[in-house]
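Trainee: Based on these hints, arrange chain D on the given structure of chain X.
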Amino acid sequence: MDLLNAIVALANFVLIPAIAYGSQLALGALGVTLIYGILRFSNFAHGDTMAFGTMVTILVTWWLQSLGLSLGPLPTALLAIPFGIAATALLVLGTDRAVYRFYRAQKAKPVILVIVSIGVMFIYNGVTRLILGPDDQRFADGERFIISARDFRNMTGLEEGLAIRTTQGLTVVTALIVVVALFWFLNRTRTGKSMRAYSDNEDLALLSGINPEKVERVTWLIVAALVTVAGVLYGLDKSYKPFTYFQLLLPIFASAIVGGLGNPLGAIVGGFVIAFSEVGITYAWKKVLGYALPESLAPDSLVQLLSTDYKFAVSFVILVIVLLFRPTGLFKGKAV
Amino acid sequence: MSQSLRTMGLFALVCLLILGTGFLQSWNTALLILNMGLVSAVMALGVNLQWGIAGLFNVGIMGFVALGGIAVVLTSMPPVAEAWSAGGLRVIGALLLGAAGIAGAVVLYRRTRRGWAVAALLAGLFFLYRAVLDPGVEAIEAVDPSSTGYLGGLGLPVLLSWPVGGLLAAGAAWVIGKTALGLRSDYLAIATLGIAEIVIAVLKNEDWMARGVKNVIGLPRPVPYEIDLQQDPAFIERAAGWGTDVTTASTLAVKLGYSALFALVLIVLLVLAQLALKSPWGRMMRAIRDNETAARAMGKNVTARHLQVFVLGSAICGIAGAMMTTLDGQLTPGTYQPLRYTFLIWVMVIVGGSGNNLGAVLGGFLIWFFWVQVEPMAQGLMSLLTAGMADGNWLKAHLIDSAQHLRLLTMGVLLLVVLRFSPRGLLPER
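Protein chains in written order, with my numbering: chain X, 1 to 336; chain D, 1 to 430.
These are calculated hints, taken from the structure and not from any lab test.
Don't take every hint at face value.
[Stated by the list, open to error] Some chain X residues close to chain D (C-beta under 10 Å, calculated; not the full set):
no., residue
1, 11
2, 121
3, 123
4, 125
5, 131
6, 253
7, 261
8, 277
9, 312
10, 319
11, 330
We treat Cβ as the ideally placed atom computed from N, Cα and C, and that holds for glycine.
The following block holds chain X by itself, in its conformation from the complex (with noise of 0.2 Å):
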């Protein structure tokens, strides 16, 4: 029996939350990935696009919420999604026409479109805090838990509870439609086949008649989608703060690298990689291994690791030793 407690504590603490971590941090590699490898150049204003897209779907579900709509025990934020990417997907094509064009005209260098998305990081992070200022806003709402601890208990008699979140349920689902869709569409359907083989062999593709703009602009718009949904299932799971996001940069980028960058997989693996090790790491071990070791093994310290503030140390110390090892990531990415 204690065998199985260790094995329920642990889901409850460690696997559920990871595997819930992973698909966001996996969806926002997945935009990092595909700018880098079409667009050709690291996108800093990432996290503040995610934050933008939250943002937009906050206020439309506030709007809805007192309109009286809802959708029962889901949260009212999936009906918003549409407007947030429908907004995203605007602002990054206006910014898109109005700065990165020219330097993609002029064949500028990778290293000079990251600092103009440095620029329009900050313009982001200022239209952000300026909309919706810099303070945590919760906005979940619906049923909170598909199971509860103490259901879990009562259901199977276990000393320790279960406890799944809506939104941890959620994000997983959500990941998984997203993530199949972009890969049908980027192996099935002729524009995504016109994606990969522009990202392989731009002057290739541009001589078979691929149009370049078109490219592009499908490319922000499915970057767009990807970064609203990663940060509005981030901010139902957690919460939306415009300075954790900025931050979340950070995992992201490493998911992306650790995968290798350009290479939509390996974002995926990347992100799960990542938020497992975090997850993982931080995590005060006391409680499973008191369960799974005899008692005279167990032990009377916390088992942690590392303190849960490390946690950018954890991404940054993967990152490192992938990039010492094998500088184009677990999966084989490009190099610009």
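Mentor: Frame of chain X, contents of chain D only:
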């Protein structure tokens, strides 16, 4: 317009802006802007060395600045004897053990190339390190936690902490450079971004070192205290001669003291940077930046030169960080934000003119001036915009509240406009 005329004109503009602040607002504000402008200029000089001259993309400036800040605490605060006897040696021993362990692991890996063995060794060492460190940390943090609870510093003069800050930053830069330089620019960027976050996390969490988020206040000062000046008969007499009251005169005198010290540092560093830029070394660095392959073919050791300039530039940022913490008189790890301490410095360098030391200094002053002054301007703009609205209107309150966020927007627009229409900055490289 010739370049030197342009340079003089723009620097005159900066003087005018600061003097204008003095006349229109207050001399205290003007000197505050001047002092932080001097510090910003030093930071921009460091970044310009890395980016403008060597083409290295460092977005971890915040980390080096924070290392400079911690140097001030570690050098100048008086040691806490009780904490040292409680667990000082234990903590130092643990740190030495950790450093030796990492060095040993690197050597072992180079000798044997067995990754798994080294990983196992490191994991074992980590637990040993925590077992040695944790009791010491607990004992230190238990010593009078409301006022000390940390080891304190060495009790040396505070000015000494500036070079120490440079050394700390240089050490960190060496470690990062050794691992991340030679990889692609994007990777260096992400690596430095990560290191900066880690430095801040260490600062916030390791209470035994510098009290973490409980802040260290009352750092020693290199200039006299206002209160002492106000009681000094000679100073009272001089203040009367200036025609101001003693309180204002004393605050101004203290700030001017800082300005003089900072200006001295800036001038020394600027002269050194100009000499370096014009020396064969500077020409070599620019040659490497412009064509790495050609420079390599000429027998230049590109990786070693990159490491060198990365360490130098980071050291300058560390010095600036120590200067800033000295000026504040306190170390507050919670206030280090990447937008303010990393990306704003980038705006300074790009707007000023990357590759031109004078341009970086100019950018430092100019952007800092706008960073401070955009807020009152935005407040004014917002109250003008909302003048017609009723007083209880939520939109009016919201707009006036969020005026402060316009400064981020302004910086972004400024950066994009300069990059688009004058990509080489206000003072282009010659």
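Trainee: Confirm or reject each hint.
Mentor: Status of the hints after comparison with the structure:
1. 11: Hint violated; residue 11 of chain X Cβ to chain D Cβ min 24 Å, cut 10 Å.
2. 121: Residue 121 of chain X check passes; min Cβ-Cβ to chain D is 7 Å, inside 10 Å.
3. 123: Given a least distance of 4 Å, the restraint on residue 123 of chain X holds.
4. 125: 5 Å, holds
5. 131: Holds. Min distance 8 Å.
6. 253: Constraint on residue 253 of chain X satisfied, holds at 5 Å.
7. 261: Hint holds; residue 261 of chain X Cβ to chain D Cβ min 7 Å, cut 10 Å.
8. 277: Interface hint status for residue 277 of chain X: violated (13 Å vs cutoff 10 Å).
9. 312: Since chain D brings a Cβ to about 4 Å from residue 312 of chain X, closer than 10 Å, the hint holds.
10. 319: With Cβ-Cβ at 7 Å, under 10 Å, it holds.
11. 330: 15 Å, violated
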